[in-house]
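K.L.:
Please model the entire structure based on the sequences and the hints provided.
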Amino acid sequence: MKAAYIAIMAAAGVVVAGQAHADEALAKAKNCMTCHAVDKKLVGPSYKDVAAKYKADKSAVATLAAKIKAGGKGNWGQIPMPPNNVTEDEAKKLATWVMATK
Numbered sequence: 048m049k050a051a052y053i054a055i056m057a058a059a060g061v062v063v064a065g066q067a068h069a070d071e072a073l074a075k076a077k078n079c080m081t082c083h084a085v086d087k088k089l090v091g092p093s094y095k096d097v098a099a100k101y102k103a104d105k106s107a108v109a110t111l112a113a114k115i116k117a118g119g120k121g122n123w124g125q126i127p128m129p130p131n132n133v134t135e136d137e138a139k140k141l142a143t144w145v146m147a148t149k
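Position 41 (the sequence shown) corresponds to 88 in the working numbering; numbering is contiguous.
Take these hints with a grain of salt, some might be off.
[Said to hold, decoys possible] List time: in silico SDA-like cross-link candidates among lysine to any residue, alpha-carbon distance up to 25 Å:
1) K149 with E137
2) K102 with K140
3) K75 with M128
4) K77 with K139
[Claimed, not checked] Label-pair restraints from in silico Cβ distances:
5) K105 with T148: 17 to 23 Å
6) G124 with T148: 18 to 24 Å
7) A103 with N132: 26 to 32 Å
8) T81 with A103: 27 to 33 Å
9) G124 with D86: 16 to 22 Å
10) I126 with V85: 17 to 23 Å
11) L73 with Q125: 25 to 31 Å
Because the hints were derived from the structure by calculation, they are not lab data. Given the structure is predicted, the values throughout are model-derived calculations rather than measurements. Backbone N, C-alpha and C define an ideal beta-carbon position, used for all residues, glycine too.
P.N.:
The following block contains the structure:
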């Protein structure tokens, strides 16, 4: 029983790691990484800084998904973030990935 539990948990870890890698690939494919990096400010804030700012916000994924899709300004300085050509599902995946960065 213990061996089966360990095998299931290990498989779940592979799935989660694969999903994180896939969402980083989506961020690269949608050119998010042109202005953002995981751990340092480029044109826009780092994903770690975004996750830290919104960590107590229960609606963070929805809020960030809307900002990813529609763009925004004034939250991180004077440079606005343009709207992005992403679907609702892609925006939600990206926002979920950003919130998972530590």
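K.L.:
Name the hints, by number, that the structure is in violation of.
P.N.:
none
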